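Put together the whole structure using the sequences plus the hints.
The listed protein sequences correspond, in order, to chains R, S, F and U.
Residue numbers for the first sequence follow my numbering, beginning at 1 and rising by one.
Residue numbers for the second sequence follow my numbering, beginning at 1001 and rising by one.
Residue numbers for the third sequence follow my numbering, beginning at 2001 and rising by one.
Residue numbers for the fourth sequence follow my numbering, beginning at 3001 and rising by one.
Hints were generated in silico from the structure; no laboratory data involved.
The model shown is predicted, which means the values in this text are computed figures rather than measured ones.
Some hints here could point you the wrong way.
Claimed, not checked - Computed cross-link-like contacts, DMTMM-like style, restricted to lysine to aspartate or glutamate with a CA-CA straight-line distance of at most 25 Å:
#1 F:2132 to R:15
#2 R:315 to S:1278
#3 F:2132 to R:21
#4 R:47 to U:3250
#5 S:1315 to F:2311
#6 R:315 to U:3314
#7 F:2132 to R:46
#8 F:2132 to R:16
#9 R:180 to U:3248
#10 S:1180 to F:2248
#11 S:1047 to F:2249
#12 R:158 to F:2322
#13 R:315 to U:3311
#14 U:3132 to S:1016
#15 R:47 to U:3249
#16 R:47 to F:2136
#17 U:3132 to S:1051
#18 F:2132 to R:23
#19 U:3132 to S:1046
#20 R:180 to U:3247
#21 U:3132 to S:1307
#22 S:1158 to U:3322
#23 F:2277 to F:2010
#24 F:2033 to S:1307
#25 R:47 to U:3248
#26 S:1315 to R:278
#27 U:3033 to R:307
#28 S:1315 to F:2314
#29 S:1158 to U:3323
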Amino acid sequence: MAEITLIEAIRQAMDEELARDPDVFIVGEDVGVRGGVFRATQGLYDKYGSERVIDSPLAELSIAGVGIGAALYGMKPICEIQFADFIAPAFNQIINEAAKMCYRSNGEWTVPMVFRAPYGGGISGGLYHSQSVEAFFTTPGLKIVIPSNPYDAKGLLKSAVRDPNPVLFFEPKKGYRLIKGEVPEGEYTVPIGPAAVTRPGSDLSIFAYGMMHYYALQAAEELAGEGIQAEVVDLRTLYPVDRATILESVRRTGKALIVHEDNLTGGYGAEIAATIAEHAFTDLDAPVRRLAGPDVPGVPFSHPFQDWFMVNPQKIASAARDLARY
Amino acid sequence: MAEITLIEAIRQAMDEELARDPDVFIVGEDVGVRGGVFRATQGLYDKYGSERVIDSPLAELSIAGVGIGAALYGMKPICEIQFADFIAPAFNQIINEAAKMCYRSNGEWTVPMVFRAPYGGGISGGLYHSQSVEAFFTTPGLKIVIPSNPYDAKGLLKSAVRDPNPVLFFEPKKGYRLIKGEVPEGEYTVPIGPAAVTRPGSDLSIFAYGMMHYYALQAAEELAGEGIQAEVVDLRTLYPVDRATILESVRRTGKALIVHEDNLTGGYGAEIAATIAEHAFTDLDAPVRRLAGPDVPGVPFSHPFQDWFMVNPQKIASAARDLARY
Amino acid sequence: MALTAEIKREMYWTMLLARRLDERAWVLHRQGKIAFHISGIGHEAAQVGAAYALRRGEDWVTPYYRDLALMVALGYTPTEFILSLMGKAGEPNSGARQMPSHWSLRRANAVSHSAPVATQCVHAAGIGLAIKLRGDDRVVFTTLGEGSTSQGEWYEAVNWAAVHQLPVIFMVQNNQYAISVPSAKQMAVPSAADKACGLGLRGLSVDGSNVLEVYNVMSEAVERARSGGGPTLIEARVNRITPHSSDDDDRSYRSREEVEEGKRNDAILISRQVLEKEGVLNAKLVEEMETKAKEMVDAAVAAAEAAPYPDVSEAAYPVYVEEVRRG
Amino acid sequence: MALTAEIKREMYWTMLLARRLDERAWVLHRQGKIAFHISGIGHEAAQVGAAYALRRGEDWVTPYYRDLALMVALGYTPTEFILSLMGKAGEPNSGARQMPSHWSLRRANAVSHSAPVATQCVHAAGIGLAIKLRGDDRVVFTTLGEGSTSQGEWYEAVNWAAVHQLPVIFMVQNNQYAISVPSAKQMAVPSAADKACGLGLRGLSVDGSNVLEVYNVMSEAVERARSGGGPTLIEARVNRITPHSSDDDDRSYRSREEVEEGKRNDAILISRQVLEKEGVLNAKLVEEMETKAKEMVDAAVAAAEAAPYPDVSEAAYPVYVEEVRRG
Ligand SMILES: Cc1ncc(C[n+]2csc(CCOP(=O)(O)OP(=O)(O)O)c2C)c(N)n1
Ligand SMILES: Cc1ncc(C[n+]2csc(CCOP(=O)(O)OP(=O)(O)O)c2C)c(N)n1
Ligand SMILES: [Mg+2]
Ligand SMILES: [Mg+2]
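Structure follows, in structure tokens:
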């Protein structure tokens, strides 16, 4: 098996799906000739041509809406939003159109499509190149997937392309080249839905996704040296979320730490905490803890500011340590 | 004191603020000659003229963005979004611009303004005239206010107009004419921030806002007849929320029921549940319960469907009864 | 394609049937039998003229809420319409999930739309792109009101179609009002068709009360789109004779004289004159059509009143495609 | 207003200083001293020509990221720029919260903007509305790239300004690319100025390398706006000689010949020729300016390198106005 980067896994998934299904196409800003500003689509324009890898006008609303139209017709668009920060202009099309199409038409019309967007901070991107936007999209009708490693990224993106529903696929951009992992040569997919227990443990459960899952594993390693056995769960699919795996883990460990980069208040973790508080109440040995970005409107640019904002392995280890000792 | 409707209270607040401050103006679709599709601005165009009550083009993005520009210049716009369902096109301007302006400019630029929007179901509005959108906007930099009665509506809206920050003011449209209450003649305001314990009780705490608060009081009345004393807390300001009052209430009753109309999963209640689970853990005698709309993409139109979707006093009483008996 | 006398009569019949259905909806609303109606009265010639220029059932349509006559031309039945007004089981737009006049008819390639205006135009651009990518011999037709052209959504949709030379026809049904707001407060150009020049596509304005004129202009646009000549923007000048919807009272914002003037230019009236002048229509034929329309509308109301509401167990589905249950 | 020789020289000086600052930013990036730079090289004449047509400090501006020369013309200092590049304490755009080139200068009425393109244009419409409502003797100037005119935001902004006849000047700095995407994939009209006709305002295209031509066209637009004649859309044709930003490599999408061609039409070069022909500039004067610019840039870098990072205790504020702490 070859060890590849997260972004290479994403590129491979798109390459294979373009080759497999003539209905699949890519549309977005700079995805064509340039191969994407992060090079996720590098080489695909040359290989599949300007009709399969389409450089769109600079307008996210219509990247989404045109994708929806093409999906209604039976195509399977992969819409790239250059940064998750720029998905806001497409909010109406994603929330009011893509998410509601199947239900509102009683299943007569469906939109099989993927929205890909790099998200997350720690890359000196300031307020508008660092956002985590998953909490805005936790709404019925959408699926939300965030991979944390190359194997999952490739398998989940292939599943997303084949999924008959609109799937938001957020990619931890800080990990694009940092996170490496083994990916088999042949065809495989990873199902949308199930979370993964990526490190078993008995003292507490850490729930995370994307870059924070990568850091959570590092924190768990550090804690193990101190005799604290943290179980790490990679949520992978945020909506609809795998409640069973979450609750099962908390029932075993009795303690839950939820980690994400986005602001604490109103962030995605609230739903996980609420679920645990309601459905694992009698199993809890400690308060449900959330560790997340502070409640400021974005990741500030200056180095010391950014470091202050970002959750990192040390902060996770520290929060987990406190919780284990509760 | 005169007994007036919720919408009359809202109208009075705008009337008085227009009279008080020449920088205040209203902008939105049909707010002028027509006096608003719900008649919230009725009479104001005649009284203040076309430069203070402006009929905008049919475009929410620019209603918000033009409002932001005017606020940057020092005006105090009240932007009406005709239905909360139609705020999505303005998402980018509200989330990326209004919310972040003060922080991103280190306080050099600020946007004193109000976004008003009728929200909520139960009015045969189907998927696109029934939405509750508060959860999408729980983000640092914004304030979110939802009144549940005429007194608060008037006092809070006046506070919102005078607030130096962007305030989202969501109005429970089903209650516009249904909810009546006494409002004093003279000038008063209700502060943004504090929740209100609107009915004291000892057996459990019900947290609600808007129309659901109105129903929660009815449910509590019913439960009182059965010997269950429910404390009812009207959150009023959803962001930043009054954590102290919430936690204080739970510490006394030991049980929390959170009620909203929006979908359960990813709805606003998750944040309240998470807060309680973290900060009142040792005081809890039962799981934190949420009662909310089912996880479908919108309120369906047909009568039986709508009834199925909507939370009502009976459903609240039933959930509260179960929780009290836990 | 030259229209036969028979087809011209059928066009008038379609307009008339839509008109009588629409009027009945107002009656049902006054009777308290339905919660809401939004009317296409005055817009019928624009819609039917356009529909007949399409290959119906083959070409695609993303309509807007005033398009009752367009939907009837596409095969939407009177009973289906009244079922949707009442939120009854079996209405094909949404399975009674959406408000009335939020169309969808899969069998006619008429796509489900929402309430937020102009969203359907972006879908049309996407459908146009898909048609082009697949090399299909089809066009897509999308409609909206003039007020809705103020939305960035509309602009982006037309821009896509123009840049990529997509087979899309945009028809703005300009009735001079967006609820209460006159078009002078929406745009600084006299006609919505003028917007085409800034976007690089052909723009035309047509008398939307004259079904044959609309047909001609639309046929040319369809032909251009089908042969790879790209999109067209058509403004159809129409009259909204009714209030905006059953929730509206238009007396507060426009004079009765103006409404009367609109009635004198009413689509049914003007189109009838045109067709009578062409010798394909006369009083007797119209009389027969009126009788038939009344019968059909009566029957549709009776059928819809007798129909059940959907079973509440269906309300929770289908959020995802996996949950779709096909009859 | 006729420009004096002195003012013309000052315009060139401003362009030159901005250019040298910009070039230094690229050097700092190569040295690993800054994380990011996005360049205004090639755009200086458009920006400075426009700035001098404004009543600086009185009129308002909502700029975009390439507007370094505009900001310098508005009084933004070299040290302030280098501080912002380095995210150091005291940079006035954002207190080191935003990435470099996300301008804001309260003392110059230059409004804070974000990264999502075209958002600032809507703010300009709102500022124009406020100016009109208050009856102030001011105009507002907003800028963006040609690719960004594809956004619905831009369309809605211009539409507002046109419908309400607001004192707004929209300047599209058309450098033919949006990152890698050529303007033919953004719009189906040859010039961004052509978009004006569909929106009902005046549209003009100007050679954006000629600072005096830009000044003349802009002056006329400002005059019209100030006297209640409404908004203008100006396209300034410029050359982006650099890659899009320090993250970009433009060799994958455009030829070196094209870049060389752009350099031959470079703003500094063309404007210098124009001003020399007018007799207000000569080699000696330019030499002196170069020396002074280098000194100023060196001093700015030294000052910024010596400056501290902001104190981390400030990072949590000010989310709300109540938390603003004024110096
Ligand atoms: C995004 C959005 N904003 C507001 C509304 C409310 N609304 C419904 S119809 C309408 C007016 C539409 O006017 P126009 O486009 O001229 O079409 P007409 O109704 O006149 O045919 C408005 C404001 C909406 N449906 N969608
Ligand atoms: C809404 C949004 N989408 C995408 C981007 C990423 N982006 C930054 S600059 C740019 C190209 C802008 O091109 P143009 O408007 O022509 O301006 P130029 O950079 O050429 O001056 C893109 C796509 C963004 N900043 N905002
Ligand atoms: Mg209209
Ligand atoms: Mg450009």
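Hints versus structure:
1. F:2132 to R:15: holds, 22 Å
2. R:315 to S:1278: Status holds; Cα separation ~18 Å.
3. F:2132 to R:21: OK: residue 2132 of chain F and residue 21 of chain R at ~17 Å, within 25 Å.
4. R:47 to U:3250: Between residue 47 of chain R and residue 3250 of chain U the Cα gap is close to 20 Å, so the pair holds against 25 Å.
5. S:1315 to F:2311: holds, 20 Å
6. R:315 to U:3314: Holds, at about 20 Å.
7. F:2132 to R:46: Cα-Cα ~20 Å, so holds.
8. F:2132 to R:16: With a Cα-Cα distance of about 23 Å, the restraint between residue 2132 of chain F and residue 16 of chain R holds, given a limit of 25 Å.
9. R:180 to U:3248: Given pair residue 180 of chain R, residue 3248 of chain U holds - Cα atoms ~24 Å apart, limit 25 Å.
10. S:1180 to F:2248: holds, 24 Å
11. S:1047 to F:2249: The hint holds at about 21 Å.
12. R:158 to F:2322: holds, 18 Å
13. R:315 to U:3311: holds, 20 Å
14. U:3132 to S:1016: holds, 23 Å
15. R:47 to U:3249: Within the cut-off at roughly 21 Å; holds.
16. R:47 to F:2136: holds, 23 Å
17. U:3132 to S:1051: holds, 9 Å
18. F:2132 to R:23: Holds, because 12 Å separates the two Cα atoms, which is no more than 25 Å.
19. U:3132 to S:1046: holds, 20 Å
20. R:180 to U:3247: Distance of about 22 Å is within 25 Å: holds.
21. U:3132 to S:1307: violated, 49 Å
22. S:1158 to U:3322: The given pair, whose Cα atoms are some 18 Å apart, holds under the 25 Å limit.
23. F:2277 to F:2010: Within the cut-off at roughly 16 Å; holds.
24. F:2033 to S:1307: holds, 18 Å
25. R:47 to U:3248: OK: residue 47 of chain R and residue 3248 of chain U at ~22 Å, within 25 Å.
26. S:1315 to R:278: holds, 18 Å
27. U:3033 to R:307: Within the cut-off at roughly 18 Å; holds.
28. S:1315 to F:2314: holds, 20 Å
29. S:1158 to U:3323: This hinted pair holds, its Cα atoms lying about 21 Å apart.
The structure is inconsistent with hint 21 alone, although it conforms to all the rest.
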